[in-house]
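2 protein chains.
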Amino acid sequence: MSSPSATQDSYPYQNEPIWSRSEKIVARAAFDAALKRELQEVMQEAKQMANQINEPADLWDLEHYLTHSRKEIDRKYEYKYSQLTQVFGRLLHEQRLSEEELHGLREDKLNSIRSFARFLSEDAA
Amino acid sequence: MSSPSATQDSYPYQNEPIWSRSEKIVARAAFDAALKRELQEVMQEAKQMANQINEPADLWDLEHYLTHSRKEIDRKYEYKYSQLTQVFGRLLHEQRLSEEELHGLREDKLNSIRSFARFLSEDAA
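Those protein sequences? They're chains S and B, same order as listed. Position in the first sequence (first residue = 1) + 55 = the working numbering. Position in the second sequence (first residue = 1) + 55 = the working numbering.
Quick caveat, the hints were computed from the structure, so don't treat them as lab data. Honestly, I wouldn't trust all of these hints.
It does not matter which identical chain is meant; a pair holds if it fits inside one copy or across any two.
[What the hints assert, rightly or not] Listed next, the in silico EDC-like pairs over lysine to aspartate or glutamate satisfying Cα-Cα at most 20 Å (straight line):
no.: 1; residue 1: K79; residue 2: E110
no.: 2; residue 1: K164; residue 2: E96
no.: 3; residue 1: K131; residue 2: D178
no.: 4; residue 1: K91; residue 2: E162
no.: 5; residue 1: K91; residue 2: E154
no.: 6; residue 1: K91; residue 2: D113
no.: 7; residue 1: K102; residue 2: D113
no.: 8; residue 1: K102; residue 2: E118
no.: 9; residue 1: K126; residue 2: D116
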């Protein structure tokens with residue numbers, strides 16, 4: 056029971072894709088670009104909401120929007136290689152990322168990413 | 056033990072000041088005016104902060120400012136007659152209310168209000 060092969064069989068990460076050095080560079084750039092765009096969008100929206108504040112309730116709407124956005128961004132942008140196909144799949148589904156930005160990833164990863172994006176689209180329909 | 060006089064002796068509000076109808080009108084107007092001014096101030100500040108947003112950290116500073124302001128306002132503006140002398144004392148101390156706006160309250164209430172304002176000023180010093 057304590058032989059190395061028995062342990063190896065249950066090694067939890069054995070089915071995880073390996074990210075090559077060049078893939079990691081592509082992934083990081085795509086991730087950072089999507090995050091930057093989403094943050095820019097929130098900054099733009101917050102400025103617009105603030106400009107239109109006329110009554111106290113508008114203040115708390117803005118507060119709620121900011122809290123919600125922060126939590127959403129925290130949840131969505133998790134840079135872990137074990138999570139990246141789902142992260143990119145979601146960003147693709149939300150049209151926050153284009154497939155061109157993922158150019159350079161291996162085909163099996165792209166397939167997983169597309170497949171998760173498709174799942175989310177079908178789930179939302 | 057169940058005689059009415061025994062119950063009356065322990066009546067919890069016996070030392071509370073009574074607010075006359077005309078005093079309630081003065082109190083309500085002063086309270087509403089101070090609250091309105093403070094909300095206007097927060098709206099002004101939020102607009103200014105939003106205008107100056109340049110990076111994501113500025114977004115979360117604005118969120119924090121709004122959450123803090125909402126909680127402060129909730130805490131401070133409690134319209135209960137049992138709390139009003141402290142509420143007005145605090146607003147006087149914070150210079151959010153002038154003594155003129157309390158004109159029409161009985162002298163004993165004004166003294167309590169001034170006394171609590173003085174306590175807060177000394178406490179802050």
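Going through the hints against the structure:
Taking the shortest alpha-carbon separations for K79 and E110, neither the intra-copy value of 48 Å nor the inter-copy value of 26 Å comes in at or below 20 Å. In this homomeric assembly, K164 and E96 never come within 20 Å of each other (Cα to Cα): the closest approach is 28 Å inside a single copy and 52 Å across copies. For the identical chains of this complex, K131 and D178 are intra-copy neighbours only, at 17 Å inside a copy versus 46 Å across copies, given an alpha-carbon limit of 20 Å. In this assembly of identical chains, K91 and E162 lie within 20 Å of each other by CA distance neither inside one copy nor across copies; the values are 26 Å within and 60 Å between.
For the identical chains of this complex, K91 and E154 are intra-copy neighbours only, at 17 Å inside a copy versus 51 Å across copies, given an alpha-carbon limit of 20 Å. Taking the shortest Cα distances, K91 and D113 sit within 20 Å of each other only across copies (14 Å), while inside one copy they are farther apart (26 Å). Taking CA atoms no more than 20 Å apart as the test, K102 paired with D113 passes in both settings, with 13 Å inside one copy and 11 Å between copies. In this homomeric assembly, K102 and E118 come within 20 Å of each other (Cα to Cα) both inside a single copy, at 12 Å, and across copies, at 12 Å.
Proximity of K126 and D116 under a CA criterion of 20 Å is satisfied in both settings, with 15 Å inside one chain copy and 15 Å between copies.
Of the hints listed earlier, those the structure fails to meet are numbers 1, 2 and 4, in rising order.
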